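> One letter stands for each residue in the lines below.
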Amino acid sequence: MSVIYILLTVSVIVGVAFFFIFIAAVKSGQYDDSYTPSVRMLFEDELVKSETEQSTHTKTD
Amino acid sequence: MQNNTCFHCGDGCGNHTIRYQEKSFCCNGCKTVFEIFNENDLTCYYDLQSSPGAIPKEIEGKYDFLSQQNIIEKLTEFRSDSIEITTLYIPHIHCSSCIWILENLNKLNPKISDSQVNFGKKTVRVTYNPEATDLKSIVLLLSSIGYEPYISLDDFKSGKKHINRTLIYKLGVAGFGFGNIMFLSFPEYFEVNEFWLEQYKPLFRWLMFVLTVPVVFYSAQDYFISAYKGLKAKLLNIDVPIALGVSVLFIRSTIEIMLDLGSGFFDSLAGLVFFLLVGKFFQQKTYDFLSFERDYKSYFPIAITKIDKNGNENSIQVYDIKKGDRLLIRNEELIPVDGILINGKAKIDYSFVTGESQTVSKHSGDKLFAGGKQTAGVIELEAIKSVEQSYLTQLWSNDVFNKNKEDGFTTITNNISKHFTIAILTIAAIATTFWLFTDASKALNVFTAVLIIACPCAIALSAPFTFGNLLRIFGKLKFYIKNACVIEQLAQINTIIFDKTGTITSNKNCNAEYDGESLSDSESLVLKNSLRGSNHPLSRTLYSILDEHNIISLDRFDEHIGKGIEAGHEDVNLRIGSASFVGNLENTSVLNTTVHISSNNVYKGKFTFYNSYRKGVSKLFNQLKEQFDLVILSGDNEGERENLKKLLPSKTKLIFNQKPEDKLEFIKYHQSEGAKVLMIGDGLNDAGALAQSDVGIAISEDVNVFSPACDAILDATKFKELYPYIKASKSAIKIIKWSFLLSFIYNIIGLYFAVTGHLAPVVAAILMPLSSISIVVFTTVCTNILGRRLK
Chain R
1 MSVIYILLTV SVIVGVAFFF IFIAAVKSGQ YDDSYTPSVR MLFEDELVKS
51 ETEQSTHTKT D
Chain C
1 MQNNTCFHCG DGCGNHTIRY QEKSFCCNGC KTVFEIFNEN DLTCYYDLQS
51 SPGAIPKEIE GKYDFLSQQN IIEKLTEFRS DSIEITTLYI PHIHCSSCIW
101 ILENLNKLNP KISDSQVNFG KKTVRVTYNP EATDLKSIVL LLSSIGYEPY
151 ISLDDFKSGK KHINRTLIYK LGVAGFGFGN IMFLSFPEYF EVNEFWLEQY
201 KPLFRWLMFV LTVPVVFYSA QDYFISAYKG LKAKLLNIDV PIALGVSVLF
251 IRSTIEIMLD LGSGFFDSLA GLVFFLLVGK FFQQKTYDFL SFERDYKSYF
301 PIAITKIDKN GNENSIQVYD IKKGDRLLIR NEELIPVDGI LINGKAKIDY
351 SFVTGESQTV SKHSGDKLFA GGKQTAGVIE LEAIKSVEQS YLTQLWSNDV
401 FNKNKEDGFT TITNNISKHF TIAILTIAAI ATTFWLFTDA SKALNVFTAV
451 LIIACPCAIA LSAPFTFGNL LRIFGKLKFY IKNACVIEQL AQINTIIFDK
501 TGTITSNKNC NAEYDGESLS DSESLVLKNS LRGSNHPLSR TLYSILDEHN
551 IISLDRFDEH IGKGIEAGHE DVNLRIGSAS FVGNLENTSV LNTTVHISSN
601 NVYKGKFTFY NSYRKGVSKL FNQLKEQFDL VILSGDNEGE RENLKKLLPS
651 KTKLIFNQKP EDKLEFIKYH QSEGAKVLMI GDGLNDAGAL AQSDVGIAIS
701 EDVNVFSPAC DAILDATKFK ELYPYIKASK SAIKIIKWSF LLSFIYNIIG
751 LYFAVTGHLA PVVAAILMPL SSISIVVFTT VCTNILGRRL K
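Chains as they are written, first to last, in the UniProt record's numbering: chain R, 1 to 61; chain C, 1 to 791.
If you're looking for bench data, these hints aren't it; they were derived computationally from the structure.
One or more hints might be untrue.
Claimed, not checked - With a straight-line cut-off of 35 Å between C-alpha atoms, the simulated DSBU-like cross-links for lysine-lysine are: (1) C:74 / R:27; (2) R:27 / C:478; (3) C:306 / R:27; (4) C:367 / R:27; (5) C:403 / R:27; (6) C:285 / R:27; (7) C:306 / C:367; (8) R:27 / C:122; (9) R:27 / C:107; (10) R:27 / C:136; (11) C:297 / R:27; (12) C:478 / C:646; (13) C:478 / C:403.
To be verified - Covered, in the sense of this in silico footprint (three residues per stretch, anywhere, with C-beta under 8 Å from a C-beta of chain R), are these stretches of chain C: (14) 99-107; (15) 199-212.
What you are looking at is a predicted structure, and each value in this text was computed from that prediction instead of being measured.
Each residue gets a CB set at the ideal place from its N, CA and C atoms; glycine is no exception.
Excised from the complex, chain R in its bound form:
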């Protein structure tokens, strides 16, 4: 067996794997809304802040 078979198999497998990841991503609706996630990402800090505040509230209550 030549090394080229191994290389070809690996490259094809990697290619096909990425292809299926792409299909799965499309299917999950990841590309349906391309704007909101970009904004949502920036909110993480605010979310944490208000959550901790609320949890302290409930503790003191």
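Got chain R; can you put chain C on it based on the hints?
Okay, now just chain C, sitting in the frame of chain R:
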């Protein structure tokens, strides 16, 4: 004025600011929303964007129908005992604060487990526990914080919406194939004559073949189908030469590798399909938040209150309304069927239907048409028709709504492909005959090479990229077009028909003229202050027109819904309202809207409201008159004829008193005379005309909310820019013609290789992507220059 804008909604607070926690609010509604957020630690809402909110509206009783099981069933996408998921359309979503607050709904109602915003579509998907809360309370919660969802009859039928993603899959397959095949074909192109490469050549070739099969049979299948359909209808559309090229490429390459004649053209083939699909994808600019397919269902409510024989109020579905049913219409509710007014004072706002914003008064016994919105208290009416048979809704039974406008239209690409295909087949035939006599072994080779190289990839890409880019440019300029075909049709227009009310007139500002005895200072002071307290649209309009006065507290203030206002301060007693209310029994102008005033029971005079035309109407018409026939087609009476004559160029035709069907027939008649009609309208009464015309553009004050079915939506502020937009679409056609020329040059170069029998795979592999890419660059640069000129 800087300090005087509302902290919540950003509107000016005027002179009646409400102060709370050192912040200004324009009304109690806004203050309440702030209080809710403040209590729940959600004031971050105001940090992300200043004044992001909306004034919450009165909604008492409006959403009672949401407790009905069959309606919940229709509005939810998933239902079980412990989980319900619903997607609500909220027109107010407009900034990052909106996303933030709506995704933190669980802070306001802990029974909501998850809420997710789709900003483009302006929807929020809410997951909640139906045992502890229900759809109605969620809708009420949203409304109370100024995010009132819009629920219409349209939601009733749709159920789960199917999203079509096939094009992305096809593009993915073609891209995957193209990339991998290119790598596999490189070694042979560079002619590395190493021993081991020679040895594995067949393996590489068959691998390419395997990768090409899905590209041809899956990604490119639309071209075969379309070509077959075209041939069946005896049309040589652009897909015919494409399908021919793809199949010749595939068959010849397969034979070549089977007989070990060469490496085939698999990379060119996959690249071709990939580029074509990219063009298709690019042309598909969609505006998620707009709908071009709306009919009356998007305007009508899902349910309405019915009063049964015993006087009980029940919510029933709009489709279940039968002739003879007694219906209760609350303030701000839409009348879903034609009916007779039985009880209450009706002041109907027909602006959805006609674009006319002034309300119409009706008395018991009068006929009410479906589509009007009640604006003054509760009324009762008896249905005299069912929903589908009402005067307005009947319009949609016209055939024109089932017709697809693109069907009868030959695009510029298909037009040229007819000649192109014939020319290519002729060249192929001549070249083959020539080679049959000189070197017969090469004849088949030349024949296939001509068909391969002539595959009109560049031609097929010209229009999608030009139009696709122009669609995006127009979209940024607030001119939203349904699809590329509309731009082409817009370029061919020779007649423009305008609706009057709401299209060339503006709903927002109105002019009023006073006619009668002049008012004393104290009287105008009381007038201004009494109007301030009234919510009636006419009072609001008049209030904004009158001069500023001091704020006084009135001694007496009484609003008689549907009649007028009675107000007094010290020794001045005013009655403001309809002629009969004021005590003026003389017959006054019937054609125009008026507000009458009397002081201490002495009739003073009246304010007459005139349509206020949009800025730049006159200029626009003067620009257009050179090239187009102009018509005003109005459903209104002739009250404005003289005004319009003064305003518009003399050759403009003015036609009044047109019913929705009349408008449709008028356009049909002119089309039969050979006119290419652009209809510009706004209300539901224009829906038939918009559908019948070659291009129907809806003018919209707020693109997010209302517009009838049409081909394009134009933001009202851009109305005066219409002429440059039409000019730009004409220039787009020119750009396409130039890029056709460019691709012909490539074709001639390619054909030289083909007919001389020298078409090596590497030539095709270079020439095909090169021509495609240069066309894309050329059209994109040209349309961008065009777009810059528009700004």
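> Please flag the earlier hints that this structure goes against, numbers listed from lowest up.
Hints 3, 4 not satisfied by this model.
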